[in-house]
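Line order of the protein sequences matches chains A and B. At position 473 of the first sequence (counting the first as 1) the number is 473 in this note's numbering, and the numbers step up by one without a gap. At position 543 of the second sequence (counting the first as 1) the number is 543 in this note's numbering, and the numbers step up by one without a gap.
Rather than coming from a laboratory, the hints here were simulated on the basis of the structure. Do not rely on the hints blindly, as some may be mistaken.
Pairs involving identical chains hold if they fit within one copy or between any two copies, as the list cannot separate such chains.
[Unchecked claim] The calculated DSS-like cross-link candidates involving lysine-lysine, where the alpha carbons are at most 30 Å apart (straight line), are:
#1 K272 with K556
#2 K556 with K628
#3 K268 with K289
#4 K621 with K593
#5 K277 with K345
#6 K628 with K506
#7 K621 with K556
#8 K556 with K345
#9 K593 with K556
#10 K277 with K621
#11 K268 with K345
#12 K289 with K277
Number of protein chains: 2
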Amino acid sequence: MNGKTSTVGYVESLHAKAIDLSRLSVEMTAAADSGHPTSASSLAHIVAALMYGHMRYDPSDPASPTADRLVLSEGHACPIVYAAGSELGLAVGRSSESRRAMTIEDAMRLRDIGSEIDGHPNPAEGFPFFPAATGSLGQGLSIATGLAAAARLDCSDKRVFCIIGDGESREGQVWEAVDFIVDYGLNSVCPIFNCNGFGQSDPVSSQQSPEVIAAKLRGGGFDVAVIDGHDPVAVRDALLEHVRHAEDADARPFAIVAETVKGWGFVKTAGKGLHGKPLTGDDEAAALKELEETAASLGASGVNGDLKVGPTPAMASPSAGCDSPPGFVEAMNTYGQSGALSDGKFAPRKGYGIALRALGHTNPDIVALDGDVKNSTFAEYFSQDPDLAHRFFECRIAEQHLISCAAGLASGGKIPFASSFGKFVARGYDQFEMGFISRLNIKVVGSHVGVNIAADGPSQMALSDVAFFRSMAKVHADEGGPGLYILNPSDAVSAYALTVQMAEHKGACYLRAARPDTPFLYDLDADFTLGGHGVLAEGSDVLIAASGYAVHETLKAIAALSDEGIEAGLIDLYSLPFDSEAIAHAAQASGGKVVTVEDNYGAGFGSEVAESLLEHGGNFKINQMYVKRIPKSGRSADDLMNYVGLSADHIIATVRGLVG
Amino acid sequence: MNGKTSTVGYVESLHAKAIDLSRLSVEMTAAADSGHPTSASSLAHIVAALMYGHMRYDPSDPASPTADRLVLSEGHACPIVYAAGSELGLAVGRSSESRRAMTIEDAMRLRDIGSEIDGHPNPAEGFPFFPAATGSLGQGLSIATGLAAAARLDCSDKRVFCIIGDGESREGQVWEAVDFIVDYGLNSVCPIFNCNGFGQSDPVSSQQSPEVIAAKLRGGGFDVAVIDGHDPVAVRDALLEHVRHAEDADARPFAIVAETVKGWGFVKTAGKGLHGKPLTGDDEAAALKELEETAASLGASGVNGDLKVGPTPAMASPSAGCDSPPGFVEAMNTYGQSGALSDGKFAPRKGYGIALRALGHTNPDIVALDGDVKNSTFAEYFSQDPDLAHRFFECRIAEQHLISCAAGLASGGKIPFASSFGKFVARGYDQFEMGFISRLNIKVVGSHVGVNIAADGPSQMALSDVAFFRSMAKVHADEGGPGLYILNPSDAVSAYALTVQMAEHKGACYLRAARPDTPFLYDLDADFTLGGHGVLAEGSDVLIAASGYAVHETLKAIAALSDEGIEAGLIDLYSLPFDSEAIAHAAQASGGKVVTVEDNYGAGFGSEVAESLLEHGGNFKINQMYVKRIPKSGRSADDLMNYVGLSADHIIATVRGLVG
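Can you make the complete structure from the sequences, with help from the hints?
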């Protein structure tokens, strides 16, 4: 109800609605026999004000590109939103065909295995009002910034609200997002801190008191309103103050710090600080009775005033259509890299950067993000292109925010490529997994993978990344196929092509973009596919399946082995999953003898090959080569490959041992 | 030089030392042909003031329990510390036998494969002045808090300095650590923000300006001095101001925000904002010449004043000796859980909590940390014991800080057990890996692992954890054996015993402590070993290797299969790595037919079994059962195990398919 100024009926109406939603929250968590009714009711007025009056959206299409959005960062409070949803008839249903208006009966199926409303928000289960899965705390404000950034690119005046718990605000990521909002002037984001004073196990620290949260926000450049979160006028005035900030390009960003009561309306029954426990049986009856008494004392019984949903704003212009991106050679020539074509070498990370830039020109939905290392990941090929710079987001040294902001951009309809050193991507693993749970279309790129970076040492080397992402690559996507692809190109030709493929694939991907300038191993117009592999040498004595930078060391070994009469085949595992049948057949054709080589810790490519062979059946011998000791600094890649036992000489010795 | 007030000679001497160290930094990075000389020189005065005058330590034993410590959070600036080390003859050497005084020649071997001084700090490579590996940014202040907390427990007045880059301070974890310092009044920690104005790819955001960093610190409850980091008197006065705060129990914590120059002393040569590039050849010569000119202009040439290292404080009393912890039954009876003994069931997470408490009473070095879920992880059995409460650290909802603080405590000689939901432990994976690189003795415990937690949904379920930690379990420790152990107990008896084993093992461990109250599967005095496994059923038709909660579902399946005449063996994989030979032999004894069952995503236990079988050779058939779809909420563990295909019925069907 942007612009509404009268208070006649508003106070009683909002109280009445807060009572309704609190009652439903108590009832649905009782029905589920689990959940967080007290966290829910602490948000009763704020959520009611947002969902019934202030937010501009159509309940039947709450994820419309132009709708205002609410990110419930403290996801466990979701019953209060489900309560409103069941009254407002919000759309529920996993697919557009099965979508229908939510009912009270739906609310009472909270947390059921067949229900669309999960214990924590997840739009992928069929509740599209939520933009992304939340519940792992501290991530929502970053997601909100991604949504707001996407809206700005679409010329939409969408507002994005984000509710953050006081205890949750201890998560440093919240303050990374605060900085990002100031950097980009994303005043359309409205952070609302819900200060009910209690975490799960204790009252919150005094560092998370309303006063200190407000002081931190002010120190960080925000204007702040500290309000009573159960005072209807204060809630409405603060939301209207946010509108003024959102519409004023010169204003500072604005946040609301709301003092609230955990278990509002039934706190005598619940007791102070109850967390994550439903009230059932007699306790439920007592809570409902206390809510009635609260309503009466507020003069809110039976009131049904003017809080209804406002109009949806005009649709922003849709994105222009996509063209096909150019091939590798054309892109290299267009973007000033003809020299590398003649040299015949170029780093995979640079191949990624060129592809990103080419994609930027052919697909208006492509956006890029980086964390102060764009001159290392070569995301700068994109950011420095004047036509693309506005679609680049510098997240600074804040990788948790980087990944969640990418998730928000994906939720807002963009195709985000988020890059950093692979080692630092680990800072956002949980954030990535939340995006994975949300089934978001995010692309994460890790450069500086493996020991080959040498001199900077292990604090900068991604070594566990293949194992981590592989766990999700082994999950089946809803529509079939793998849950995600790991791409580990060995040269710039494949890095370019696989980046293009990633952009076309709808789903999560992780690309390892190695640092060294390495020779091209493929024809410059070769085809690559997610799930595919390359055949770089034929040989019947042994099959070597290598991946990424290790392919180059393997090629040296194969040349030397050939000189001594051992003919090795070489498969380039540039993707995981890969075609395991094809690998097993190739292994059989090499007498069942297989060596795998990869520049990372174990549980990665070699492990997947071993599983494939065993599944295929037959008699195989495999020797997995991977990084088996903690690396250190060395002055050259060769020093390091030797130190960890992955040099050409080590490969030769391993093959001899297996074949001889 | 605590207490020193005269400035006679100090200014010129500190300038001279800053010149010396900057020159060496330029020279050693030139020799290495990589590194960060400009970041180094921005710290020239601060590091010189700390290492030559202010810190109380013995260069031949800089890691002494009573020595003041310096955590270089912006690890890439390490050449400045190495420079000082080479002049001061700081101890270097990987082992105590090989330890010797560092020389200039050592400094010139920076980043060499045989050198003790890595490209980023790592004490494990032989430079014990640094308390822990750093270089993945934003973690150092948390580590410093752990060191300070350990010192407080040891009744030491140790001071812990932590240097943080301005760009680095964008990492939210820094602000998690700031809150922790205030919560615990750890005024002995002195955060020093090095504001040289430049990140890697750009000038820092205005959100990381000295003014805004200071405003944020003040908002968070700190006193702050904003100083010129190249003004000797300002540097010294600020350090002395920290001493006053450290010694005053009523004072607020104190931080220094230092405005500095990246490339101080040779900025005309380097240019503004040069990052991560050595100056070689003519550039090196020009930089050295400019440094001489800088020295002359400061009147600092040839000065060698009174900056020498102060005395080491008296040794704190060493920890008392350890007793043997009681057995499971005695501990359960002692700590009020006799009822569970009669019931015959107890959750693994509670078994962990009881063991933690028992260990607390028998080993004074055991400390515990948690992130606002101690009533879920049952770390509260420890925190609520009046004799142990002072050794418990509530890190609140800030898991990055949780893990790094544990690393600091380990570096300070304690045996930290850090617990949270397994899902949220992922927030600290990179921090864990840094501790792993440091070879620290940290124990991480994740509760709420797997889909069996049901109602709360996937945002609370640890599913990728086994794959991630497995990558490090496959690394060899320096002294042999696995780099870490994953423990996944199926019942409280094994959870108790494995927690005791973890405490006794020197090295990193990850324990999965499942949520449900499950029946005891072992004799209450059974033995368990890291690397071991349990045999819970014998049967020659098929071998089922299950882990964690999945063992219970498997037992149901085995009973039903027995009724239809299929005799299945059951191995409980409570550890990874495990005895792969023994598993392979058991598989052979079951006709080579193997089913693995685990309540997590793939690339975990089943993958390790597959690798073991293939390595062993022979003809095996394996069917891996794990979580192959993204889970959702459900009202019971059975609902979820059924949803993801891990119910007893699914196991029965899989076995039938393999055997029949």
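To see whether the hints hold, each was checked on the structure:
1. For the identical chains of this complex, K272 and K556 are neighbours neither inside a copy (69 Å) nor across copies (42 Å), given an alpha-carbon limit of 30 Å.
2. Taking CA atoms no more than 30 Å apart as the test, K556 paired with K628 passes inside one copy only; the shortest distance there is 21 Å, against 38 Å between copies.
3. Taking the closest pair of Cα atoms, K268 and K289 come within 30 Å of each other only inside a single copy of the chain (11 Å); across copies the shortest separation is 76 Å, beyond that limit.
4. With identical chains, the CA atoms of K621 and K593 are at most 30 Å apart both within one copy (5 Å) and between copies (19 Å).
5. For the homomeric pair K277 and K345, the shortest alpha-carbon distance between copies (22 Å) is at most 30 Å, but the shortest distance inside one copy (61 Å) is not.
6. In this homomeric assembly, K628 and K506 come within 30 Å of each other (Cα to Cα) only across copies, at 19 Å, whereas the closest approach inside a single copy is 35 Å.
7. For a Cα distance limit of 30 Å, the shortest separation of K621 from K556 inside one copy, 22 Å, qualifies, whereas the shortest one across copies, 36 Å, does not.
8. Only within a single protomer do K556 and K345 lie at most 30 Å apart by alpha-carbon distance; the minimum there is 16 Å, versus 59 Å between protomers.
9. Taking CA atoms no more than 30 Å apart as the test, K593 paired with K556 passes inside one copy only; the shortest distance there is 19 Å, against 40 Å between copies.
10. Within a single copy, K277 and K621 get their C-alpha atoms no closer than 54 Å, and across copies no closer than 46 Å, so neither meets the 30 Å cut-off.
11. Taking identical chains as interchangeable, the C-alpha atoms of K268 and K345 are never at most 30 Å apart, the minima being 72 Å within one chain and 34 Å between chains.
12. Proximity of K289 to K277 under the C-alpha cut-off of 30 Å is restricted to the intra-copy arrangement: shortest distance 18 Å within a copy versus 70 Å between copies.
Violated hints, listed in ascending order, are 1, 10 and 11; each of the other numbered hints is respected by the structure.
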